[in-house]
Amino acid sequence: MAGIVSVGAYVPFYRLGGDTVRAVWGSGDPKASRPVAAFDEDAITLGVEALLNAVGWEGARADALFFASTSFPYAEKSNAAVLAAAADLPGTLYAADLTGSLRAGTSALLAALDAVKAGSARRAAVVAAEVRPARPGGPDELSFCDGAAALVVGQGEEVAAEVEAVHSWTEDFIDRWRIPGEGEVLAGDAKFIQDYGYVRQTAATVEGLLKKTGATREDIARVLVYAPEGRTHAAICQKLGFPPAAYPERPLVSRLGDAGAASPLLALAEALQAAEPGEHILVAGHGSGGDALLLRATDKVHNLRAARGVAWSLGRARAISHYGKWLRFRGMGPEEEIRPFSSPSILWKESRANMRLRAGRCQQCGEIQFPRQRVCNGCGTKDRWEERKLARRGKVYTFTHDYLPPSPEGYVTMATADLEGGGRFYAQMADADKAAVKVGMEVELTFRLLHRGDGYYNYFWKLRPA
Amino acid sequence: MTKNISGKVAIIGAGITKFGELFEQSYNDLVVEAAFDAYQDAGVTGDDIEAAWLGTFLPLGWGFDGTGGPSLAEALNLYPKPVSRVANYCTTGMEAVRMAAMAVASGLYDVVLAVGAEKMREVPPRGSLVAQHVEKLHPLYAKGRTAPGSFAVLATRYFHEYGASKDDLAEVAVKNHYHGSLNPKAHFRKEITKEQVLKAPMVTEPLGLFDCCPTTDGAAAVVLCRADLAEKRFGKKDYVLIEGMGLSCANGYLTTAFNPRFDFLGFEATREAARQAYEQAGVTNPREQLDLAEVHDCFTITELLNYEDLGFCGRGEAPAFVRGGSSRLGGELPVNTSGGLKSCGHPIGATGARVVAHVTNQLLGRCGKHQVKGAKRALGHTLGGPGAVSSVFVLAKN
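First to last, the sequence lines map onto chains A and B.
Here the first sequence is numbered in the working numbering, starting from 17 and rising by one per residue.
Here the second sequence is numbered in the working numbering, starting from 27 and rising by one per residue.
Take these hints with a grain of salt, some might be off.
Stated by the list, open to error - One-sided excerpt, in silico: chain A residues whose CB lies under 8 Å from chain B:
id, residue
1, Ser359
2, Val391
3, Pro424
Claimed, not checked - Straight-line Cα separation of at most 27 Å, BS3-like style, residue types lysine-lysine; simulated pairs:
id, chain 1, residue 1, chain 2, residue 2
4, A, Lys365, B, Lys225
5, A, Lys450, B, Lys192
6, B, Lys162, A, Lys93
7, B, Lys225, A, Lys450
8, A, Lys454, B, Lys399
9, B, Lys192, A, Lys411
10, A, Lys454, B, Lys192
11, A, Lys454, A, Lys405
12, B, Lys220, A, Lys450
13, B, Lys34, B, Lys216
It is worth saying that the hints were derived from the structure and are not from the lab.
On a predicted model such as this, the values are computed, not experimentally measured, just so you know.
Even glycine gets a Cβ: it sits at the ideal position worked out from N, Cα and C.
All chains should be built: construct the whole structure from the sequences, respecting the hints.
Have a look at this one:
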């Protein structure tokens with residue numbers, strides 16, 4: 017039976033605090049704290065982190081990738097292709113972007129299952145990632161959050177959670193919507209969309225699944241449903257009528273916020289990492305109807321625990337120090353305009369080196385060089401290289417905090433690090449506490465947006481504290 | 027095996043413009059001023075010049091200023107002579123002199139001109155080198171690196187390795203500003219205190235504002251000839267001979283910091299260029315055999331590393347060398363008596379030519395308040411990259 021073979025999640029490092037929002041706008045829960053993407057992160061980079069957490073640095077042996085988001089950096093041009101390159105998925109890959117609905121996360125998971133069941137893919141990676149657009153001072157500023165989850169779907173021995181049944185239904189319904197170019201998510205009548213949208217529709221989604229399987233409410237250990245905030249989540253749970261123990265004590269939406277299309281997969285990833293063999297888990301996605309899946313944890317489910325997931329992400333966090341910095345993070349601050357040079361032909365021909373981090377190991381002298389030269393800079397031998405993927409981790413050899421280049425942080429930390437197994441990497445640091453950066457500090461590579469040179473997104477690797 | 031140029035080429039004229047933010051002068055004004063000062067000093071006219079080399083690194087002005095030999099030919103009316111533009115990062119000006127010297131040593135020409143010029147302040151300082159690094163170059167590699175930032179990483183490592191501190195860097199800044207206060211052509215002519223250096227705004231840790239050279243306009247020129255013609259044809263009793271010159275490229279520009287063999291504690295390019303020049307000049311103990319040195323102090327850390335790379339002191343001993351006053355005017359080996367790049371500024375293409383011209387003036391006893399008395403042999407050094415390329419000259423009075 018097809019099912020989940022690995023999971024990963026990534027919640028960004030920065031937090032927007034309710035106190036920070038309240039100090040500027042005069043309202044907002046001062047205890048609120050929601051994860052937000054850094055200025056150099058977007059749905060693609062969050063997705064890369066989540067997928068690497070699911071499959072590891074060496075890349076997945078996946079032959080299909082379903083990438084879901086309502087906040088893709090590119091409205092035209094494949095987002096999944098960037099993700100595939102950075103996560104080092106094979107070139108023979110079916111890659112699809114799924115967008116337009118908060119249901120896109122579960123849609124991607126269902127598509128992946130179908131592909132595996134149909135035999136058109138052996139292993140299919142599913143990634144859902146969001147950087148949710150909230151208007152400064154608007155009602156969503158402290159309820160939206162950013163994050164990503166990744167699941168790999170496969171069959172046979174390696175399955176850690178079998179998908180026993182799925183159910184989908186569709187009903188055109190105007191609850192929340194966003195028009196391209198207008199930026200903000202709009203909403204209909206709050207009472208109407210809660211009662212007739214989230215509660216009624218999710219109940220119908222779950223009932224439909226239960227009816228298909230014949231399972232009773234008592235059979236299910238964990239019930240995970242989408243809700244835009246905690247009170248709606250409680251209302252849905254009350255309506256569904258499962259035993260209280262089936263619901264998370266504090267749902268993810270109450271702890272993190274509304275991660276849009278990534279929400280159901282984040283909740284599923286978290287639940288699978290806590291699940292015991294034999295448990296049934298029900299997860300439902302919402303959006304003009306809904307998708308529901310019933311999973312059963314196998315005796316392999318503990319294998320999922322080692323991956324970096326929600327718990328790992330929540331262990332690392334830093335508050336954005338003031339509201340002005342938050343505006344600068346979202347490109348709304350007084351940023352000095354820079355127009356870096358870029359070239360599609362350079363990015364294309366160097367993609368294997370720059371996205372997949374293929375260095376060269378000189379077969380003559382053994383030196384590992386990145387970026388690789390045709391003629392070895394160590395011994396002068398021409399074109400005798402074997403390809404070597406750079407290791408993700410290393411140690412800072414030296415660094416500086418440079419206040420000259422424009423940056424929302426006010427400085428750029430540049431560091432050069434010796435990577436495990438050879439090779440040296442020189443790059444910006446991300447998510448670093450300035451005072452903690454030291455010679456010898458353990459770091460790892462993280463995929464980030466560098467700039468918009470020539471109009472498109474120029475992604476590359478940075479170093480962050482490991 | 028380096029062949030020897032020692033004694034074959036003479037410097038018979040040197041010209042240096044005022045260095046500074048020269049908003050009233052054009053690129054061509056700077057070139058004309060430096061070249062004609064050198065002509066006058068040498069006692070030649072443009073008609074005597076058989077070939078010329080122009081060093082300009084980043085032509086930033088309108089049109090084609092500094093982009094090729096014709097930029098110099100046009101400014102000086104050297105038509106229809108052979109004129110070339112050279113560029114080699116921050117050694118560019120010195121590279122123009124080196125090319126000119128090699129041409130004379132080869133026997134192809136008897137009298138040649140080398141000019142270094144850079145007009146950096148037609149744009150705001152932020153529009154010059156910072157933008158070149160942040161906006162131009164490779165779209166991805168080393169993005170975020172700046173010129174001071176690429177030297178600051180050496181300071182961080184040097185501090186880590188040897189326990190040196192910002193206080194040691196400040197010694198260099200205070201000394202070079204003192205020297206600059208004595209040099210009428212320097213960009214900065216004020217002495218500064220260590221407290222000012224240490225309290226200055228941070229630029230890129232650990233380098234503060236006074237650890238960095240300014241953005242400056244300027245030009246310098248030298249006239250070179252076959253050594254035997256200095257007296258015979260031009261009647262010179264006192265002139266300067268090139269005893270040795272070396273150049274080394276030891277790293278790539280962007281890839282320096284990716285190089286796993288680079289220790290960030292000094293520059294192989296400097297050590298190799300010095301080895302070449304010392305060998306030709308017969309210098310085996312630079313600290314004793316040199317009377318002064320003009321070295322590349324784009325940032326204070328660079329000067330400390332240069333002391334060690336050029337053999338003035340041992341590894342890790344540079345802080346003690348500057349603290350003990352050895353490199354101050356009146357010390358055993360005064361370094362950057364012009365005020366260096368710290369006080370003169372660093373118009374990139376001009377710097378190397380200015381270093382050669384300044385050392386020439388020292389050896390001919392023409393430096394007034396910043397003269398090193400009785401100087402007979404001196405070193406000039408430039409460095410670019412950082413550490414990608416370095417050029418070293420050993421010059422001596424005839």
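We went through each hint and held it up to the structure:
1. Proximity of Ser359 of chain A to chain B holds as hinted, the smallest CB-CB distance being about 7 Å (cut-off 8 Å).
2. Restraint check, Val391 of chain A versus chain B: the minimum CB separation of about 12 Å is more than 8 Å; hint violated.
3. Because the beta carbon of Pro424 of chain A sits about 13 Å from the nearest beta carbon in chain B, more than 8 Å, this interface hint is broken.
4. Using a Cα cut-off of 27 Å, the hinted pair Lys365 of chain A and Lys225 of chain B is violated, with the two alpha carbons roughly 47 Å apart.
5. For the proposed pair Lys450 of chain A and Lys192 of chain B, the alpha carbon gap of about 18 Å is at most 27 Å, so the pair holds.
6. A hinted pair counts as satisfied when its Cα atoms are at most 27 Å apart, and Lys162 of chain B with Lys93 of chain A qualifies at roughly 25 Å.
7. For the proposed pair Lys225 of chain B and Lys450 of chain A, the alpha carbon gap of about 20 Å is at most 27 Å, so the pair holds.
8. Between Lys454 of chain A and Lys399 of chain B the CA atoms are separated by roughly 46 Å; this puts the pair beyond 27 Å, and the hint is violated.
9. Under the criterion of a C-alpha separation no larger than 27 Å, the hint pairing Lys192 of chain B with Lys411 of chain A is consistent with the structure, at around 24 Å.
10. With a CA separation close to 16 Å, the supplied pair Lys454 of chain A and Lys192 of chain B stays within the 27 Å bound.
11. At most 27 Å may separate the alpha-carbon atoms for a hinted pair to count; Lys454 of chain A and Lys405 of chain A meet this at roughly 26 Å.
12. About 26 Å separates the Cα atoms of Lys220 of chain B and Lys450 of chain A, which keeps this hinted pair within 27 Å; it holds.
13. Between Lys34 of chain B and Lys216 of chain B the CA atoms are separated by roughly 40 Å; this puts the pair beyond 27 Å, and the hint is violated.
Of the numbered hints listed earlier, those contradicted by the structure are 2, 3, 4, 8 and 13.
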